[in-house]
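2 protein chains.
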Amino acid sequence: MRIAVVGVGLVGGSIGLAAAERLDGAEVWGFDPAPGVLAAARERGAVARAAGSLAEAVEGASACFLCAPVGALPGLVAAALAAAGEDCVVTDVGSTKRLIAGATDDQRFVGGHPVAGAETSGVEHARGDLFEGAAWYLTPSERSSGLLYERLHRMLVAFRARPVAIDADTHDRLLATVSHLPHVIANVLVSQAARTLTQEGEALPRVGPSFRDTTRVAGASSAVWSDIYATNGEAIAAEVDETVRRLEGVAAALRSGDGASIVEWNERAREDRRRLLEADLAGDSVHELRITVPNRPGIVAQVALALGHGGVNIVDMALSPAPDMRSGAVRLWIAGDGDAERAKGLIEELGFPVSGRRA
Amino acid sequence: MRIAVVGVGLVGGSIGLAAAERLDGAEVWGFDPAPGVLAAARERGAVARAAGSLAEAVEGASACFLCAPVGALPGLVAAALAAAGEDCVVTDVGSTKRLIAGATDDQRFVGGHPVAGAETSGVEHARGDLFEGAAWYLTPSERSSGLLYERLHRMLVAFRARPVAIDADTHDRLLATVSHLPHVIANVLVSQAARTLTQEGEALPRVGPSFRDTTRVAGASSAVWSDIYATNGEAIAAEVDETVRRLEGVAAALRSGDGASIVEWNERAREDRRRLLEADLAGDSVHELRITVPNRPGIVAQVALALGHGGVNIVDMALSPAPDMRSGAVRLWIAGDGDAERAKGLIEELGFPVSGRRA
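First to last, the sequence lines map onto chains W and E. Quick note on this note's numbering: the first sequence kicks off at 1 and runs consecutively. Quick note on this note's numbering: the second sequence kicks off at 1 and runs consecutively.
One or more hints might be untrue.
Because identical chains cannot be distinguished in the list, a pair is counted as satisfied if it fits within a single copy or across any two copies.
What the hints assert, rightly or not - Simulated pairs of lysine to any residue, SDA-like, Cα-Cα distance not exceeding 20 Å:
1) Lys344 with Asn313
2) Lys344 with Arg195
3) Lys344 with Ala238
4) Lys344 with Asp258
5) Lys344 with Asp24
6) Lys344 with Thr104
7) Lys344 with Ser121
8) Lys344 with Gly25
9) Lys344 with Val263
10) Lys344 with Ala50
11) Lys344 with Arg290
12) Lys344 with Pro294
13) Lys344 with Trp333
14) Lys344 with Asp241
15) Lys344 with Gly122
16) Lys344 with Glu124
17) Lys344 with Asp129
Honestly, the hints are just simulated from the structure, not real lab data. Given the structure is predicted, the values throughout are model-derived calculations rather than measurements.
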């Protein structure tokens with residue numbers, strides 16, 4: 001069975017590796033227009049054969065994965081469908097799905113979006129296990145072939161992903177909420193702070209951990225994000241409208257000095273965050289541990305090693321160094337009551353003060 | 001010289017330790033109404049003597065530090081000034097300064113706010129070096145005694161803090177920008193996401209790292225934050241208004257489909273964040289390294305140890321586990337071009353793919 005991968009970066013390369021490792025008898029043909037990429041991909045084992053063109057990669061394939069920024073996909077889908085045989089499922093990995101859903105009604109096409117691997121790029125970061133446990137949205141149309149949909153679905157299960165069928169509109173709306181909106185907010189916050197601090201001039205405060213966390217994704221790669229904003233602008237704008245509505249409510253409550261409603265709003269946010277994180281971890285309670293440590297090289301390692309040796313995994317971690325970088329607080333998020341308790345004991349044995357709460 | 005500390009938690013305890021360690025001949029008398037706190041503080045060396053009342057702690061002191069949530073401070077300031085002698089400087093450590101500035105015009109009072117230690121609480125986390133390199137805002141009034149202001153300033157320098165004189169209004173406006181507003185935004189985002197995801201029901205997506213980062217401070221302690229919202233409501237509301245204005249601009253740009261202005265906006269945010277973080281690190285360029293690793297216990301330790309042994313310190317760190325927790329991306333922020341280059345080499349020697357950019 002031949003698999004075509006067009007665009008062999010992080011995601012395409014990982015698809016190639018997963019197919020080679022986990023699909024019986026699969027042979028991956030890859031195409032990428034960027035110089036040097038195919039050679040690197042062959043070296044990593046992500047493609048078995050480097051094709052000279054998209055058509056060469058796709059012809060005779062049973063499945064074709066198109067891995068490119070959203071804006072390039074309509075053209076690639078058309079080219080792939082033209083080159084592919086009748087028995088080939090063509091899919092993509094774009095971060096938004098409505099544009100591509102509207103671009104074709106060919107029965108061989110099924111839109112897709114694996115929620116994995118956005119933090120790095122390039123085939124050198126590709127891994128055959130990138131999709132293990134990851135949601136992989138599929139957006140079949142009413143015309144999509146059931147036979148081909150089922151083939152694609154089985155492949156994703158072999159990659160150990162969790163395929164989730166969803167219509168393209170809902171997909172784009174959901175992603176607007178949990179991914180695109182936080183990026184917009186981060187951008188707005190940094191620019192607002194930069195302007196305020198420039199105006200005040202006289203006293204530039206050190207930005208605190210809250211500011212750093214909230215704006216960490218500010219200014220993400222324009223190459224990827226301009227396409228996301230362009231193709232999901234309406235859904236993101238609707239989320240922004242909702243944020244505006246909520247912020248106006250908060251501003252009114254702050255001005256009215258209604259302390260009870262502010263406390264209630266704050267407590268609700270705490271509870272909402274806990275529920276969202278728990279859903280993310282399939283039911284395990286997440287605990288947040290706060291540790292005070294000297295910030296010298298090796299201390300974080302010491303803590304991580306102690307937990308590692310104790311079999312406790314760290315879900316998430318944030319260092320908040322004191323401004324002098326010599327000391328600071330480490331926050332760890334640990335899933336499961338038992339693991340959190342164990343982690344606390346291990347850290348106390350190291351002699352660092354630790355306190356915990358449900359995140 | 002006697003120093004009084006009223007409220008011996010993280011900040012009060014750290015003041016006590018810093019005074020004992022760094023002020024010649026200082027004897028710290030502490031008072032705290034919560035049971036057990038004073039005994040723990042004495043055990044840690046944060047207070048030399050446990051006073052039975054605020055008045056007992058303050059009487060005969062040369063300096064008095066009031067460490068309590070903002071709402072409790074006006075009462076404490078009045079009580080301390082009543083008990084203190086003519087030659088005692090009275091200060092506080094509240095997170096907002098306008099309320100307390102308006103509460104007294106006694107020449108012995110100077111408002112203060114050390115920007116340190118918000119991530120943990122309790123005297124068990126207290127450290128004598130908590131304030132090293134940290135900004136410590138002082139908000140003297142026109143009536144504040146120059147002699148007493150200078151005494152307080154010298155103490156803070158001995159604590160190795162960086163005292164910054166600022167008027168109370170400006171202080172509260174600046175903190176609204178870099179601290180209070182991010183908390184408001186985080187609260188709004190989690191609640192909005194919780195509602196949207198509940199409505200969509202059919203497909204609860206795993207929240208991504210962008211969502212987790214942006215909402216990390218959501219639902220912070222109501223005991224502390226209700227006072228901050230109550231006493232700085234107007235300044236925070238003004239920042240919220242500005243955010244609303246900016247978000248409305250983004251929504252309009254998204255709806256108009258003006259790709260060029262979206263890219264420009266995104267690039268500006270990237271540049272703004274870099275400048276803010278650099279200011280925070282006194283001029284050093286911050287580099288962001290992205291590493292792909294298996295997420296098993298010990299790997300983060302291995303990376304941190306390698307950098308520690310190489311003398312490279314990690315400014316900030318974020319793990320983004322793949323949903324299965326078996327693999328993931330580690331982002332490290334390293335200050336200085338040389339250190340970042342060195343870190344890259346050390347990580348490559350471990351065999352992990354790493355890529356970098358200026359943060």
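Going through the hints against the structure:
1. In the homo-oligomer, the alpha carbons of lysine 344 and asparagine 313 lie at most 20 Å apart inside one protomer (13 Å), although the nearest pairing across protomers, at 25 Å, exceeds that limit.
2. In this assembly of identical chains, the alpha carbons of lysine 344 and arginine 195 never lie at most 20 Å apart, being 42 Å within a copy and 33 Å across copies at closest.
3. For the identical chains of this complex, lysine 344 and alanine 238 are neighbours neither inside a copy (43 Å) nor across copies (41 Å), given an alpha-carbon limit of 20 Å.
4. When the C-alpha separation of lysine 344 and aspartate 258 is checked against a cutoff of 20 Å, the pair qualifies neither within a copy, at 38 Å, nor between copies, at 51 Å.
5. Within a single copy, lysine 344 and aspartate 24 get their C-alpha atoms no closer than 45 Å, and across copies no closer than 37 Å, so neither meets the 20 Å cut-off.
6. Taking identical chains as interchangeable, the C-alpha atoms of lysine 344 and threonine 104 are never at most 20 Å apart, the minima being 55 Å within one chain and 44 Å between chains.
7. Proximity of lysine 344 to serine 121 under the C-alpha cut-off of 20 Å is restricted to the inter-copy arrangement: shortest distance 16 Å between copies versus 36 Å within a copy.
8. For the identical chains of this complex, lysine 344 and glycine 25 are neighbours neither inside a copy (48 Å) nor across copies (38 Å), given an alpha-carbon limit of 20 Å.
9. In this assembly of identical chains, lysine 344 and valine 263 lie within 20 Å of each other by CA distance neither inside one copy nor across copies; the values are 29 Å within and 45 Å between.
10. For a Cα distance limit of 20 Å, the shortest separation of lysine 344 from alanine 50 qualifies neither inside one copy, at 51 Å, nor across copies, at 30 Å.
11. When the C-alpha separation of lysine 344 and arginine 290 is checked against a cutoff of 20 Å, the pair qualifies only within one copy, where the shortest distance is 9 Å, while the shortest distance between copies is 29 Å.
12. Within a single copy, lysine 344 and proline 294 get their C-alpha atoms as close as 18 Å, which meets the 20 Å cut-off; across copies the closest is 24 Å, which misses it.
13. For the identical chains of this complex, lysine 344 and tryptophan 333 are intra-copy neighbours only, at 11 Å inside a copy versus 26 Å across copies, given an alpha-carbon limit of 20 Å.
14. Proximity of lysine 344 and aspartate 241 under a CA criterion of 20 Å is satisfied in neither setting, with 42 Å inside one chain copy and 42 Å between copies.
15. Proximity of lysine 344 to glycine 122 under the C-alpha cut-off of 20 Å is restricted to the inter-copy arrangement: shortest distance 16 Å between copies versus 38 Å within a copy.
16. Proximity of lysine 344 and glutamate 124 under a CA criterion of 20 Å is satisfied inter-copy only: 15 Å between copies versus 37 Å inside one chain copy.
17. Proximity of lysine 344 to aspartate 129 under the C-alpha cut-off of 20 Å is found in neither arrangement, the shortest distances being 31 Å within a copy and 24 Å between copies.
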